[in-house]
Structure formats: structure tokens, C-alpha cells
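Residues per chain are reported as follows:
2 protein chains.
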Amino acid sequence: MSPPALIAVDWGTSSMRATLVAQDGALLAHRAGGPGILAVPAQGFGPALEAVVADWRSRHGALAIVLSGMIGSRQGWAEVPYLPCPAGQAELARAIFRHDAGSLGQVYIVPGLSIDANGRAPDVMRGEETQILGALSATKSGDGTFVLPGTHSKWATVKDGRIVTFATYMTGEVFAALRDHTILSRLMPADHAAINEPAFKQGVAAGAAEGSPGALLQRIFSTRTLGLFDKLSAASLSSYLSGLLIGAEMAAACSGKNRIGHFHIIASAPTLTECYKLAASTLKLEARVAPDDCAARGALGLARAAGLIESLKS
Amino acid sequence: MSPPALIAVDWGTSSMRATLVAQDGALLAHRAGGPGILAVPAQGFGPALEAVVADWRSRHGALAIVLSGMIGSRQGWAEVPYLPCPAGQAELARAIFRHDAGSLGQVYIVPGLSIDANGRAPDVMRGEETQILGALSATKSGDGTFVLPGTHSKWATVKDGRIVTFATYMTGEVFAALRDHTILSRLMPADHAAINEPAFKQGVAAGAAEGSPGALLQRIFSTRTLGLFDKLSAASLSSYLSGLLIGAEMAAACSGKNRIGHFHIIASAPTLTECYKLAASTLKLEARVAPDDCAARGALGLARAAGLIESLKS
Chain B
105 MSPPALIAVD WGTSSMRATL VAQDGALLAH RAGGPGILAV PAQGFGPALE AVVADWRSRH
165 GALAIVLSGM IGSRQGWAEV PYLPCPAGQA ELARAIFRHD AGSLGQVYIV PGLSIDANGR
225 APDVMRGEET QILGALSATK SGDGTFVLPG THSKWATVKD GRIVTFATYM TGEVFAALRD
285 HTILSRLMPA DHAAINEPAF KQGVAAGAAE GSPGALLQRI FSTRTLGLFD KLSAASLSSY
345 LSGLLIGAEM AAACSGKNRI GHFHIIASAP TLTECYKLAA STLKLEARVA PDDCAARGAL
405 GLARAAGLIE SLKS
Chain Z
105 MSPPALIAVD WGTSSMRATL VAQDGALLAH RAGGPGILAV PAQGFGPALE AVVADWRSRH
165 GALAIVLSGM IGSRQGWAEV PYLPCPAGQA ELARAIFRHD AGSLGQVYIV PGLSIDANGR
225 APDVMRGEET QILGALSATK SGDGTFVLPG THSKWATVKD GRIVTFATYM TGEVFAALRD
285 HTILSRLMPA DHAAINEPAF KQGVAAGAAE GSPGALLQRI FSTRTLGLFD KLSAASLSSY
345 LSGLLIGAEM AAACSGKNRI GHFHIIASAP TLTECYKLAA STLKLEARVA PDDCAARGAL
405 GLARAAGLIE SLKS
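Listed in order, the protein sequences are those of chains B and Z.
Its first residue numbered 105, the first sequence is counted upward by one per residue in my numbering.
Its first residue numbered 105, the second sequence is counted upward by one per residue in my numbering.
Treat the hints with caution; some may be incorrect.
Identical copies look the same in the list; a pair holds intra-copy or inter-copy alike.
[As the list claims (entries may be wrong)] No more than 30 Å apart at the CA atoms, straight line, and that leaves these computed lysine-lysine pairs for DSBU-like:
| hint | residue 1 | residue 2 |
| --- | --- | --- |
| 1 | K335 | K244 |
| 2 | K305 | K361 |
| 3 | K361 | K335 |
To be clear, the hints were calculated from the coordinates, so they are not data collected in a lab.
Only chain B is shown next, with the shape it has when bound in the complex (with noise of 0.2 Å):
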């Protein structure tokens, strides 16, 4: 078994996960659960992290530490500026930060992505660029369409090893906030069951039909009017409401100018990675589902890229 060269730590806003990973690229051990950044008071995030990772590097010398996510934002330990798009493994190693960890030496800072534009709004990722990294390396190729999905969902464009573009979509936020805080959860089970599959998949087609962004304020209406004309049984609403959202996403990020015929899920929560596929092959789209660990694998690459296992064996 190829011995450990490196930690690399996904730490983002409400949750942390390391993972100690092989010269090869074989993932030895995870720990997850570690404390989110805003869980960490300024300070606290040397602690933090040796608390985690201290026993790793007393058994196996001084590791490099890679990290990604909100860690390298201004609420994180340090603020690493973000890149611009167009960029792949080659620019993100060349900016990757260098941190003094005190006790812990140095550890290196992925830096996020930004795409600023004429034309349209700014948009950003921190973490997101490592993963799809990871994602990509898996696929043996080196272009695709990778999505992050959850309370900020993110869809991303890789050509010829870079992200070249990408586009945040609040949808996870959008319905936890119409769920929770206006007419509708009058309407809806206060407990949020297991999806009801016909409902969710309705929602989808309602969602990704064609029309014009306004459309969309129209069509979460309707899913009061159909609970109120019995179309949809009060436990399906949500179901209903949520297929709506994606179905929306999905359609926005897959057709038009942006039309693919399959993309990659990188999943962070298998529910979410369910819904997903079952929207996808509502819109007769194929999706494929990213290995696991994809925060790990593309920290991985980053750190060869950086020469920082080279120079742990030199």
C-alpha cells in the first residue's frame, strides 16, 4: 500500500471533512464532523484543525495539509483572493496559498473561482473548483458539465481541463424559504417525508417548460391552486414544489446555448442525488454520479500540480 502524502480538508461553512489520502491517490481514513467556520471562533481554527488532524501527522510525519471551501473566505481563516475564470489544475496549483498554521507549519489554501463579466452578474465558488477538479479527473476526460446541488446549487462548464464558466442557482434556499415561510407550508405536512415520486416529477416537467423567468413566480403559485382544486394531495406539495425548482434549474443550465446531453452529479447528500437523476431523466437527460470524495481527489491533484508531495519526499 502506497504510504500517506497528504490531508486535505473540505471545510466549509457548517461542516468540515478530512481525509487522508495516499501518494497513489487512495483515500486511507475520513473524518468527518469537525466544526463548520462559523462555528469557529477567530483563532480557534489552528486548534480546530490539529484537534482533528494532529494524530495523522504524529504517525505519519508532517503531511501537507491541503484546504478548501469557505476556509479561505473573509469569514474563514484567511481570505485568499478568488481566481478568474477561465481556470483548471494548472492555475489554482500556481495560486494555491500558503497559510501559517503556527503549530501545524504551513498549510495551503485553495483559492475559489469568480467569474465577473460584462453582461452579467459576478458569481463565485469556494470549494466547489476542487471537487469539480476531482470529478474531472475521474471521468478520463477532460471536458463536461458538473453540478453541485443544495441550498446554493452550482452548475459548471469544464473544457479542456479548465472551468470555464458557471452559474449559482438559490434553488435549495428558494424552497426551504417558500416551504417554511409563506402560504404554501400552511398547505403542506409539517413533517418533510420521502419524496412522492410522480409529484416531484410533475413539478419538473411544470418547472422546465418553456417561458420567461417571471413564468416561475406564476408556476409556485400553482402549487397552492392545485392543492386547493385536490390535483395534488397536501402531502405532495412539497414534492411538487420542489421537482418545480429543479426542473427549473435544470432546464436553465441544460438547454439553450447551454444544451448537453448528460452533465455529473457531485453529490453531497444522497437524497439530493436521487432527485437529481429523477429529474434528469424526466427531461430525458443523462446523469452521471461523481465518485464519492471528489473534495479529496481534487485536492490531490492540486497538491502534485503544486510540487507539494514532490517536496515531502525530497
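Given chain B, work out where chain Z should sit, using these hints.
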């Protein structure tokens, strides 16, 4: 001066407004501030109405009382079935619902309208049909497009005196849910001060720009990134978001197959009317403001068509 002929009551979920109307259509007196239907216990509707109109009745005799709005819903005094579109004054007058109001005698409840056509989700209104008829009577025309902006904005198309189609946009409620219950709220100052005109207009243009329904989920997120990139001040973000949603609604209602050159605003609040006028001018549309008290004007027309005033005179 023409003698009083009618008491028109616009009785909605959260408010009640009664108007004393003369035989010639003059609006003699108003009383706002009565309880909305949700604040009235079962069996309480008669006493609540009597408290507001009793002295008009004792002074002017047994004037006909015409009620419109959610008072005719399942949560109201008596559930009056929706009338399907197309429907105008004649159809609504024929379907007006005679309800035994105890010591007040008979009252008349205007039915709401529904659309349940193939190929689209059903939609409903209660109360707006009466306001639209009132606004229509002031235009001296049988045709027009009318918007009732608000929590659930309604756009209606009138042809030859009949409401032929309408659509509800959940604009106001989506705005409030996003402003108060998503990550966007952290960026916005807590006091929702006066509208920032340039930011509102920028939002209108962005919301009305071409795109698919899912594009709205991306544009909503851009409120955050425009703030992060200092392209909009924190104080202006809520105006931008408001413009974004109203612009999307207005473009959906007024362009494409719905293309129109002007429309009528039926006002519920002066601020909202100003916002819709500003959005219209941004989108090069002409917005005309309907007179106040469209509900009372509409109720008068319905009372005449239903013979309620004639019969009182005889």
C-alpha cells in the same frame, strides 16, 4: 345629491373596507379598519359587519349590502363557488350569492373567478373580479389589462367587458420570504427604508431580461454577489431584489404572446403603485392608475345588473 343606494364591502383576509354608495355612483363615505376574515370567529361575521354598517342602515333604511373578497371563501361567511372565466358583469351578477345574515337580513356575496383550462395549472381570484369591473367602468372601454400588485399579484385580461384570463404571481410573498428568511437578509439592513430608484430600476431590467424560468433562481442569487462585489450598496440590495421580481413578473405578463402597450394598476398601497409605475417606465410600458375604490364601483355595477338597487326603489 343622489340618495344612498348600496353598502359595498370589500372583505379580505386581513382587512375590511365598507363604502356607502349613492344611486348615481357617488361614493358617500368610507369605513376601513374592520377585521379581516381571519380575525373573525365563526358566527362572528354578522356582528362584525353590523358593527361597521349598522348606523348607515338605521339612517338610510335597508340598503343592499354587497360583499366581495375572501368573505366568500371556505374560511369566510359562506363558501360561494367560483365562476369559471370568461365572465363579466352579467355572469357575476347572475351568480351573486344571497346569504341570510340574520338581523341584517339578506346580504349579497360576489363569487370569485377560476380558470381551470387544459395545459395550465388552475388559478383563482376572490374580490379582484369586483375591483377589475370597477376599474373597467372608469376606462369607458370594454377591453384592457389590469394588474393588482401585492403579495399575490394578479394580472387580468378583459375583452368585451369580460375577464377572459388571469394569472397570479407570488411576487410580493416571494420577495418577503427571500428578504427575511435567506442568506440575502444578512446583507440587507433591517429597516426597509424608501425604495432606492436606481437599484430598483437595475433590478427591473435584470429581472425582465430574456431567459428561461430557472434563470430567475440564478438572478436572485446575483443579489448576493452584486453586494459582495460592491456593485450595489447594502442599503440598495432590497430595492434591487424587489425590482428583479417585479420586472420578471411584468415582463412575463406583458410580453411574448401577452404583448401589450399599456395596462391599468389597481392600487392597494401607494408605495406599490409607485414601484409598478417605475417598473413600467423602465420597461417602456405605459401604466395608468385606476381610481381609488374600484371595489365599491364594481359592486355598484353588479348591484345594478343584479337588480338589487332597482328592487329597493320599487
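Structure versus earlier hints - violations, ascending order: 1
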